[in-house]
Structures are given as C-alpha cells and as structure tokens.
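A.B. asks: Sequence:
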Amino acid sequence: MTIKKISSITFLMTLVSATSVIQASPANTQQLELQTSESKRTGETALSYLVSWRKGESRLYNANGLTFISGTEMAAPTSSSEVAYKLTKALNGAIDHDSPHLRGAIATNKQSTLSVSNRDGFDLARITVRDYSNQELEYSLAGKSFNAAKVDIAIDVVYSAAVEYIRGFSTGIKQEAAGGFIGVTIDSNTPIKIMTKGKTSEQIEKELAAAIGAKAHFSSSPIFPNFEQIRSKNYKSFDGGEVQISDLKARRIMIDVNDSGLGVLTKFDFTNVEKPVDMASNLPYIIALLLASIFGYLFFTARKKKV
Numbered sequence: 072m073t074i075k076k077i078s079s080i081t082f083l084m085t086l087v088s089a090t091s092v093i094q095a096s097p098a099n100t101q102q103l104e105l106q107t108s109e110s111k112r113t114g115e116t117a118l119s120y121l122v123s124w125r126k127g128e129s130r131l132y133n134a135n136g137l138t139f140i141s142g143t144e145m146a147a148p149t150s151s152s153e154v155a156y157k158l159t160k161a162l163n164g165a166i167d168h169d170s171p172h173l174r175g176a177i178a179t180n181k182q183s184t185l186s187v188s189n190r191d192g193f194d195l196a197r198i199t200v201r202d203y204s205n206q207e208l209e210y211s212l213a214g215k216s217f218n219a220a221k222v223d224i225a226i227d228v229v230y231s232a233a234v235e236y237i238r239g240f241s242t243g244i245k246q247e248a249a250g251g252f253i254g255v256t257i258d259s260n261t262p263i264k265i266m267t268k269g270k271t272s273e274q275i276e277k278e279l280a281a282a283i284g285a286k287a288h289f290s291s292s293p294i295f296p297n298f299e300q301i302r303s304k305n306y307k308s309f310d311g312g313e314v315q316i317s318d319l320k321a322r323r324i325m326i327d328v329n330d331s332g333l334g335v336l337t338k339f340d341f342t343n344v345e346k347p348v349d350m351a352s353n354l355p356y357i358i359a360l361l362l363a364s365i366f367g368y369l370f371f372t373a374r375k376k377k378v
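Our numbering puts the last residue of the sequence shown at 378; the count rises by one with no breaks.
Treat the hints as calculated values from the structure; they're not laboratory data. Just so you know, not all the hints are guaranteed correct.
[Said to hold, decoys possible] With a straight-line cut-off of 25 Å between C-alpha atoms, the simulated PhoX-like cross-links for lysine-lysine are: (1) K181 - K111; (2) K157 - K181; (3) K277 - K264.
[To be verified] Quick list of simulated restraints, FRET-style, between CB atoms: (4) M266 - P171: 45 to 53 Å; (5) G254 - T113: 41 to 49 Å; (6) S292 - S150: 35 to 43 Å.
Backbone N, C-alpha and C fix where the C-beta goes; we use that ideal spot for every residue, glycine too.
Construct the entire structure; sequences and hints are all you get.
C.D. replies: In structure tokens:
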C-alpha cells in the first residue's frame, strides 16, 4: 500500500471528523429569557434556577442557582431588577463551581431580564425555575416561538410548605392553598385565571390544563426526570402531577401565582437539540475504522496479487 493511498484514507477520515466538529452548536443557539418582578409574599422566600446542558452526546451537566427574595413587609423588599441580578450571580456561581471545565451555560441580566444561553459547542437541554415568592414571571425564547424552537413546557403547582431548604424542614407543616389565584397569559391572549381556595394542587393543575386548551394536558409523569441535589437547598420531589404544554405557537408565556400557600415549578424541555458529535468519546471508533480500512485494503491487495 503506497503512502499516497494511506494518506488519502487518512484525509477522508479527518474530513469526517472535521464535519462532526462543524456541527457543534454555536453560542446562543438556545436561549431562555426570564422577566422577573417583585414578590407578593410578606416575608423571605426562595427562587432558584436549575439549568442542564450537554456537550455532544455526553451526559447531562447540571447547575442550580438559589437566591432569597425579600417580601413586601420586610425592611428592603427586593426589586425586580435585584431579583434578576441576584439570580444571575447565584446561577453563574453554581455553574463555575459544579462544572469548572465544562461551563456549557451562561447567565446574563439587564435590568429585570435574566437570560440563560448555551456556550459555544454546548446545548441547553432542560431548565427548571422554582418560584415560591409569588412573582409574576414571563418567559420567552429571544424572539422564537416555543413550537419553532422545539421547546416543551410544564407547569407544576406545588405547596410552599413542601419546599425543603434542609431535609426534614417541612415535616409537620400543613400543606394547602391559602386562597387566591394562579394566572397564565400566553402572548397577548386573555389571561387565564384559576381560583385556588379549597383546592388541591392536582385540582388546580387539571383546571389549568383544561383552560389552556388542546396544547395542554395534565400528566402524572414529569416532563423529564426530577433532579435533586442534597446541598442545593431547594429541591422538590415530584408531587404526582403537572400541566404539560407541547407545540405551543406562542413567543411568550407569563405565570402569575397569587396564593401564599402555593409556589410553581416551570420547566422547559429542549426536545430537538441537535447534539454535536463528541470527538473525545468517538475517537476510538474513528481510529478503529481507519485501521480496518487500511488492513482491509492490504488484505484484498494481497489476494489480488496471488490470483
């Protein structure tokens, strides 16, 4: 086998590998914008943001940013711009701590808008925003519609008393709605308002799913596996039900919780992410294919000479 022919095979394999690298997602391919507001609760409550990403076909990496929000009767209630700033700082700190060498996501804020985007070569996969502060929170995809971006949504109504800042924190605390409403507004459509007094979280979710319409349904299985981390201090196990919305032809969804007994987990599933090929994990296969090509060529060349 001549050096020229071996070089040709090597060049072909290199070209295949280079194509894989080109397919890596550019920065800001996936982006979720969160418009924050002020807490309607009287005391201090929690707000957290969990983002998951991957590089190529590798495992998921997760980071959870947690901050505390001062309510209306505290000395210095947290403003909407402070909410965005504090959560941005907490999330970037978690990303730097949990994945110092594979920081696949980055958070930025401008006034009361928090944006989370993928870094170059990475893909966002899942996002969960856990709000116990009774804010009015609006989500968008930087100009894209949810169906065009292939992002599904889930709304999980939870009891405020069920949040675990430390394990066992909520033991013995009564879990119920205090009375009020949960509102959902899609684009500029008429707001959907579900009254909450005397209802369980499941009843509220089923009413909400019916009011949203054909794109929504109540599900007893989570949109993606629940993530818990002992040290994250704001985990919430799946409570058995949530509203799931798929193929939503809208650019914005606003969720407004006005019930001191309730919080909401809003989840975003990037269902159709084009995953770049992970060169490191595929390198052994590329080498094996290259060697097989070379030995195959030598074998058939030797047989041809004997004939």
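A.B. asks: Hints the structure violates: just list their numbers, smallest first.
C.D. replies: 5
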